[in-house]
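**Q** Residues per chain, in single letters:
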Amino acid sequence: MIDQYLYLAVILFVIGAIGVMVRRNALVAFMSVELMLNAANLALVAFAWHHASFDGQVATFFVMVVAAAEVVVGLAIIVSIYKTRRSTSVDNANLLNQ
Amino acid sequence: MIPLEIVDPVAATGLFSYAWLMIALPALGALVLLAFGRFVDRAGPYLAVATITGSFVIAVALFMQLLAAPVENRAVGVHLYTWFGTGSWQVDVGLLVDQLSILFALLITCVGGLIHVYSLGYMAHDERMRRFFGYLNLFVAAMLTLVLADNYLVLFVGWEGVGLASYLLIGFWQHKPSAAAAAKKAFVMNRVGDLGMVLAISAMLAQFGSSAFVDVNHGAANLAGPWPMVIGLLLLLGACGKSAQVPLQAWLLDAMEGPTPVSALIHAATMVTAGVYLVVRSHTIFDLSPEARLAVVIVGTVTLLAGAWIGCSKDDIKKVLAGSTMSQIGYMMLAAGLGPAGYAFAIFHLLTHGAFKANMFLGAGSVMHGMNDDVDMRHYGGLWKYLPVTFWTFACGYLAIIGFPLTSGYFSKDHIIEAAFGESALVGTLALLGAGVTAFYMTRLMLMTFGGGKRWLDGVHPHESPAVMTVPLVVLAVLSIGAGAVMNWWIQDWLEPAAGNHPHEVELLPTPIGWLTMLVVAGGIGIGWLVFGRKPVPAVAPAGNAITVAGRNELYGNAVNDVLVANPVMVLSRGAVATDAKGVDGFVHLVSTAISGFSVEGRKAQTGYVRTYAVTMVLGVLVVGAVLILGLAA
Numbered sequence: 001m002i003d004q005y006l007y008l009a010v011i012l013f014v015i016g017a018i019g020v021m022v023r024r025n026a027l028v029a030f031m032s033v034e035l036m037l038n039a040a041n042l043a044l045v046a047f048a049w050h051h052a053s054f055d056g057q058v059a060t061f062f063v064m065v066v067a068a069a070e071v072v073v074g075l076a077i078i079v080s081i082y083k084t085r086r087s088t089s090v091d092n093a094n095l096l097n098q
Numbered sequence: 001m002i003p004l005e006i007v008d009p010v011a012a013t014g015l016f017s018y019a020w021l022m023i024a025l026p027a028l029g030a031l032v033l034l035a036f037g038r039f040v041d042r043a044g045p046y047l048a049v050a051t052i053t054g055s056f057v058i059a060v061a062l063f064m065q066l067l068a069a070p071v072e073n074r075a076v077g078v079h080l081y082t083w084f085g086t087g088s089w090q091v092d093v094g095l096l097v098d099q100l101s102i103l104f105a106l107l108i109t110c111v112g113g114l115i116h117v118y119s120l121g122y123m124a125h126d127e128r129m130r131r132f133f134g135y136l137n138l139f140v141a142a143m144l145t146l147v148l149a150d151n152y153l154v155l156f157v158g159w160e161g162v163g164l165a166s167y168l169l170i171g172f173w174q175h176k177p178s179a180a181a182a183a184k185k186a187f188v189m190n191r192v193g194d195l196g197m198v199l200a201i202s203a204m205l206a207q208f209g210s211s212a213f214v215d216v217n218h219g220a221a222n223l224a225g226p227w228p229m230v231i232g233l234l235l236l237l238g239a240c241g242k243s244a245q246v247p248l249q250a251w252l253l254d255a256m257e258g259p260t261p262v263s264a265l266i267h268a269a270t271m272v273t274a275g276v277y278l279v280v281r282s283h284t285i286f287d288l289s290p291e292a293r294l295a296v297v298i299v300g301t302v303t304l305l306a307g308a309w310i311g312c313s314k315d316d317i318k319k320v321l322a323g324s325t326m327s328q329i330g331y332m333m334l335a336a337g338l339g340p341a342g343y344a345f346a347i348f349h350l351l352t353h354g355a356f357k358a359n360m361f362l363g364a365g366s367v368m369h370g371m372n373d374d375v376d377m378r379h380y381g382g383l384w385k386y387l388p389v390t391f392w393t394f395a396c397g398y399l400a401i402i403g404f405p406l407t408s409g410y411f412s413k414d415h416i417i418e419a420a421f422g423e424s425a426l427v428g429t430l431a432l433l434g435a436g437v438t439a440f441y442m443t444r445l446m447l448m449t450f451g452g453g454k455r456w457l458d459g460v461h462p463h464e465s466p467a468v469m470t471v472p473l474v475v476l477a478v479l480s481i482g483a484g485a486v487m488n489w490w491i492q493d494w495l496e497p498a499a500g501n502h503p504h505e506v507e508l509l510p511t512p513i514g515w516l517t518m519l520v521v522a523g524g525i526g527i528g529w530l531v532f533g534r535k536p537v538p539a540v541a542p543a544g545n546a547i548t549v550a551g552r553n554e555l556y557g558n559a560v561n562d563v564l565v566a567n568p569v570m571v572l573s574r575g576a577v578a579t580d581a582k583g584v585d586g587f588v589h590l591v592s593t594a595i596s597g598f599s600v601e602g603r604k605a606q607t608g609y610v611r612t613y614a615v616t617m618v619l620g621v622l623v624v625g626a627v628l629i630l631g632l633a634a
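Those protein sequences? They're chains A and B, same order as listed.
For the first sequence, the numbering used here begins at 1 and goes up steadily by one.
For the second sequence, the numbering used here begins at 1 and goes up steadily by one.
Please keep in mind that the hints were generated in silico from the structure rather than gathered at the bench.
Predicted model only: the values in this text are computed from it and were never measured.
Among the hints, erroneous ones may be present.
Stated by the list, open to error - Derived, one-sided and incomplete: chain A residues facing chain B with beta-carbon distance under 8 Å:
| hint | residue |
| --- | --- |
| 1 | Ile11 |
| 2 | Ile15 |
| 3 | Ala17 |
| 4 | Val20 |
| 5 | Val90 |
| 6 | Asp91 |
| 7 | Asn94 |
Cβ atoms here follow ideal geometry from the backbone N, Cα and C, with glycine treated the same way.
Taking the hints into account, I'd like the entire structure generated from these sequences.
**A** Below you can see the structure in the form of structure tokens.
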């Protein structure tokens, strides 16, 4: 049984990673990051179930809490960038190469 | 070789314990004058005169005590403190007041004091007068350290001190580029000689484990192999630098850029004779090495002729006297190189020369004072009527230097010529020739300056100098005439313990060589009168023959230095600069260019695009994961 969970987790993670790499829209990239986090959560829960241990489930809660906090900060940044630039494209925010 | 009895100094008691005050007084004067700035502008020069007068009084008192003491107690060592000790060496600072050093102390403080007084008048209108007197006091302190030291390292401190004072005073009018250049030249050429001194002292430390005169004198007899010659030649190099002897003579003529009292004190009477003092003081070394003594004789003979040659052709009154100084110091060196037969005569001539040459330099300063600081003798003429005191005192110096019977130079120079004939006929003949040339150029100087018709420039109104300048001249003139007769029958016996001299009988009536010398001198005067006295002297220097031109160019001493030393060094330094710029810097620049090139390329990876960074991260994770998995599998 654990194999199927892990395959799903890998598929979700790869979809998320590709999304981060190819999509320009900051919101979509953000959702892809969330997808990767949740793929990791799925793997953690699957392993916890497999080993009959609560450690993985506890870790999952931590990840969800951190992800929630991260969403708050991340969305605030995206909104503020959108307010100043009228764009959510990550390629437009490239001032760091100057 | 004559076995020498080496006299150990006795410990100082009574007044001798205060011998250090002789040095401390002028040193304190220099400190006050130089450190207190314009607060002592008015009183400073008088303070300087007072300090050197104090030194003179102490020197006279010590001299009297030495005269009263029995012969074996006439060398007094004054231990002051331990300078430093390292390993098996211990260097003490101490003074040695003996027959030789006390004569020098008297000369320095007496002539120095008179020149201080003279400078009160000569420098009266110079706004940096206080500084001048500060330097003069510094010089006197350093010179007394040089002659009173009881070991070579302390002597070297004084040796460098007089070099510093000489540099400061030659360049005293530093607003003149020529004076600044002359000061630097003197300093640099003295360094060459100092190299010899340093090496000689190092050799002594290595050989004797000490640089004290006592240890060197005792240890010299045990020196093996070439060491006496090596140390002797190194000391001679030092002496050549300080005393402007060939081949290190070129700085002395330029040193005339300094104020005239400086020329009189430092570059005629005292500092430039330090080389002679050094040779006589080191007689135990030179006695052991005929080669080193021969080198001293050759240097002295060559210099006495070269100096006289230059003196014959210069029109600048101070440079004539400078050439003459070189020449007279050549005589002293020659005498010192003759060994025990000549040491006392070297010192005798040194003392009389100190008096009569200081007299003539100060006289030249007095003439310049009246002639708006013009030094060209072709612009003088007929001054005897306008500067009577200067003329008569100068005439005393003139008679002394040419060796007119019974004046001081007559006694001292004749002894040297006679001793030179005792060594070899060639050296004697050359010394005799030098005496004739001396008479010629001094007659020329007298006739061009004081005799003949006026060749003054417009607006020049010669006037006699104030009493503050003429009184020292009169005193020095009396010494020029009388000092020789006073010392003639006394100085050999007096110096015998210190200079290891065996007396050479002196007679009042001239020996055959004495008569010959007088004849040659008369010939020199006669030729001088024929050329410069019988017909008017042209106001513009004639072209002159090759001999004159060579003399005017100081026998091409500067050109020789340029070719032999300056140019090779310049080529070497240019090469070093090019190596540094092209080679060393080139390599460093290559490395830095390569690194900045790499970083320019590397910087392109930083695109600023978030997605690029994401790709990099994913690739990184993949690589790390692959490594971990493969590592675990292995």
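**Q** Each hint: holds or not?
**A** Okay, the hints, checked on the actual structure:
1. Ile11: Since chain B brings no Cβ nearer than about 16 Å to A:Ile11, farther than 8 Å, the hint is violated.
2. Ile15: Interface hint status for A:Ile15: violated (13 Å vs cutoff 8 Å).
3. Ala17: holds, 6 Å
4. Val20: holds, 5 Å
5. Val90: Given a least distance of 4 Å, the restraint on A:Val90 holds.
6. Asp91: holds, 6 Å
7. Asn94: holds, 3 Å
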